[in-house]
Amino acid sequence: MWKRFSSNIGAMIGVVLLLAVIGIALFAPLIFAHTPWQMVQRPFLTPFSMDGLPLGTDTLGRDVASQLAYGARVSLLVGLVSTLVALLIGVPLGALAGFYGNWVDEGAMRFTEFFQTIPNFALAIVLVAIFEPTLASITIAIAIVSWPPVARLVRAEVMSVRKREFVDAARLAGLSRPRILLTQVLPNTVSPIIVMASLMVATAILLESSLSFLGLGDPNAMSWGYMIGAARTVIRSAWWLSFFPGIAIVITVLALNLIGEGLNDALNPHLSRRGKA
Amino acid sequence: MSIVTVILSRAFKAFVTLLAIAVLNFCLLHAAPGDPAVVLAGEAGAADEQMIEQLRERFGLDQPFYVQLGKYVGSVLTLDLGYSFRQGAPVAQLIAERLPATLLLTLTAFVISLVLGIAFGVAASARVGKASDSLLTTLALLFYATPLYWAALMAVLVFSVWLGWLPGFGYETVGAGYTGLARAFDIAKHLVLPALTLGLFFMAVYMRMTRASMLEVSQLDFVKTAKAKGLSGPAIRRRHILRNAILPVVTLAGLQAGQLVGGAVLTETVFAWPGIGRLMFESLAARDYNTILGVFLVSAAMVILFNIVTDIVYRLVDPRIGAKA
Numbered sequence: 011m012w013k014r015f016s017s018n019i020g021a022m023i024g025v026v027l028l029l030a031v032i033g034i035a036l037f038a039p040l041i042f043a044h045t046p047w048q049m050v051q052r053p054f055l056t057p058f059s060m061d062g063l064p065l066g067t068d069t070l071g072r073d074v075a076s077q078l079a080y081g082a083r084v085s086l087l088v089g090l091v092s093t094l095v096a097l098l099i100g101v102p103l104g105a106l107a108g109f110y111g112n113w114v115d116e117g118a119m120r121f122t123e124f125f126q127t128i129p130n131f132a133l134a135i136v137l138v139a140i141f142e143p144t145l146a147s148i149t150i151a152i153a154i155v156s157w158p159p160v161a162r163l164v165r166a167e168v169m170s171v172r173k174r175e176f177v178d179a180a181r182l183a184g185l186s187r188p189r190i191l192l193t194q195v196l197p198n199t200v201s202p203i204i205v206m207a208s209l210m211v212a213t214a215i216l217l218e219s220s221l222s223f224l225g226l227g228d229p230n231a232m233s234w235g236y237m238i239g240a241a242r243t244v245i246r247s248a249w250w251l252s253f254f255p256g257i258a259i260v261i262t263v264l265a266l267n268l269i270g271e272g273l274n275d276a277l278n279p280h281l282s283r284r285g286k287a
Numbered sequence: 191m192s193i194v195t196v197i198l199s200r201a202f203k204a205f206v207t208l209l210a211i212a213v214l215n216f217c218l219l220h221a222a223p224g225d226p227a228v229v230l231a232g233e234a235g236a237a238d239e240q241m242i243e244q245l246r247e248r249f250g251l252d253q254p255f256y257v258q259l260g261k262y263v264g265s266v267l268t269l270d271l272g273y274s275f276r277q278g279a280p281v282a283q284l285i286a287e288r289l290p291a292t293l294l295l296t297l298t299a300f301v302i303s304l305v306l307g308i309a310f311g312v313a314a315s316a317r318v319g320k321a322s323d324s325l326l327t328t329l330a331l332l333f334y335a336t337p338l339y340w341a342a343l344m345a346v347l348v349f350s351v352w353l354g355w356l357p358g359f360g361y362e363t364v365g366a367g368y369t370g371l372a373r374a375f376d377i378a379k380h381l382v383l384p385a386l387t388l389g390l391f392f393m394a395v396y397m398r399m400t401r402a403s404m405l406e407v408s409q410l411d412f413v414k415t416a417k418a419k420g421l422s423g424p425a426i427r428r429r430h431i432l433r434n435a436i437l438p439v440v441t442l443a444g445l446q447a448g449q450l451v452g453g454a455v456l457t458e459t460v461f462a463w464p465g466i467g468r469l470m471f472e473s474l475a476a477r478d479y480n481t482i483l484g485v486f487l488v489s490a491a492m493v494i495l496f497n498i499v500t501d502i503v504y505r506l507v508d509p510r511i512g513a514k515a
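Going down the list, the sequences are from chains W and S.
Under the numbering used here, think of the first position of the first sequence as 11, with each following residue one higher.
Under the numbering used here, think of the first position of the second sequence as 191, with each following residue one higher.
Hint data in this document are derived by calculation from the structure and do not stem from the laboratory.
Watch out, some of these pointers could steer you wrong.
[Stated by the list, open to error] Not the full set, but computed from the structure, chain W residues with beta-carbon under 8 Å of chain S: (1) Val26; (2) Ser220; (3) Ile259; (4) Leu264.
All figures in this text were calculated on a predicted structure; none of them were measured in a lab.
Heads up, the beta-carbon is just placed ideally off N, CA and C, and yes, glycines get one too.
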């Protein structure tokens, strides 16, 4: 499996890019002497015009490069944790629906459908606006709008796995139903879940940046979306302030998408590429 | 099932969904930190004691929970979405004024993304493995990773600020006094950048889907038959493969409608497009919850309508579905 993954050029580019972003996020305090909130020079310093401030300064004279590095922390953290929370909601719900069927399935799927109908970005805005923007509320809001596809995927996988012969064998061996679900069925659904999760982290990062662009970011955390939102009004005079954070988002999201596709090709080689556009 | 029964059952489902969203809105208002009456009045500073007292009375905030819920849902059902103290007008009226602009923007973006996405997808699948195919798929991957609002900002920077080709701000030229065709042309010019940037992401999605679907259908036996009949490549692609490959794309397009409406909030914010998304953005800073929740409800209704329409289109494109169901 690793062989198939590592021979995929796109996926390897993704891994390298993502490792670079993670490295910058981890070592931000070592690379930059000042925090992203400190005034270090005059405002609107153009990029590449002064040593030590490669990307210039923002409207308040803060170091843009340092802001980018600290912004990577927020993006990666929110992306990862919100995906984990979404899995915690979606996997059990989908598993129960697919395994027990009947009214459990009916109820769970109605519930999922309801959340799929609601425009998810609008719901995220409403949730964060009402519960005040903090890293926790943003993470939970993103998780709440992202779990439905997980539930549907897990349900479909569990429904197909539970009809296999080894599940009948487990039942004959006297295993209880919950035990069959946990130890026999679910482990066989892991690989599509991993693929979906990697793509979800990418979507979550886009969502987080969109929220903070609208001014719904955690006021105590520097994020890429906030940087673009704050620089929006000065785009005529200082285009670089909106340009660089956007590039950072594109690189990170692209890296995760490439990895997700590589994982998909490596883990599910028999599947065609349809249905994951 | 005939089209009529389909529409009726869908309409019933839509009604139930909207009712559930109204209940959700009510619960959210009560979950918000602080007194719901003060929350409803917003932080605009416009609300005095008397107004808050009126709100308490109107929503029966001194009565049991279920009475309050009934009152709230009842008022939503009569299209009374409350009053925006910040804007000084009923929310329903604010939304009604702004809805046409949003409908114009989202529908245009939807059509552009679908048409271009399918066209590029077909083009890429016809040249599979060649340089132009790799170029198209790479571009799609890039668009797919680009934040909507950032693409919009960059489009303003390049096409409006630097090149000066297109207006990057507003719905029409203010004070130009255009009428008739001239006005329509003016609005169309303002529409180009917002609609293109909003459609870009979805174009990438539909392109990838069309390409994959075309490649899959082209493996099927009836395509071999068409080839054996001596039909040309383009004729087979157009008349045989595309017609079958387009179905999953239409399904996906219907499912994506919600994202399109959500994306409108970002696009309208960047382009100062006077739609309900911009209205929501303006209400965020003032924590004008009545308006925020009103826009939320209406955008959900738009998504449901979109879904019903794509469902009907789907049945028209593929008559087999109607016969089966």
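Results for each hint:
1. Val26: Where the cut-off is 8 Å and the nearest Cβ of chain S is about 16 Å from valine 26 of chain W, the hint is violated.
2. Ser220: With a minimum Cβ separation of about 6 Å from chain S (threshold 8 Å), the hint on serine 220 of chain W holds.
3. Ile259: holds, 5 Å
4. Leu264: holds, 4 Å
Against the hints set out earlier in the document, a violation occurs for number 1 only.
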